[in-house]
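**Q** Sequence:
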Amino acid sequence: MPYPEALVAPMRAELTRLGVEELTTAEAVDAA
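Just so we're aligned: 28 in our numbering is position 28 of the sequence shown, and the numbers increase by one with no gaps anywhere.
Since the hints were made in silico from the structure, they are not lab data. Note that the Cβ used here is the ideal one computed from N, Cα and C, for glycine as well. Errors might be hidden in some of the hints.
With beta-carbon atoms standing in for the labels, derived distance ranges [stated by the list, open to error]:
no., residue 1, residue 2, range
1, Y3, V29, 12 to 20 angstroms
2, A6, D30, 24 to 32 angstroms
3, A31, A6, 27 to 35 angstroms
Could you build all of it, start to finish, from the sequences and the hints given here?
**A** Next comes the structure, spelled out in C-alpha cells:
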C-alpha cells in the first residue's frame, strides 16, 4: 500500500531540491 501523496510530496520536493535524483521505475534504478 503506497503512502498518501499529500504526505510524500513535501518530502519528495525537499529531497529533489537538495539534489537527490528521483528514480520512479525499475529501469531508472538499474541505470543509476
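**Q** Can you list which hints this structure breaks, lowest number first?
**A** none
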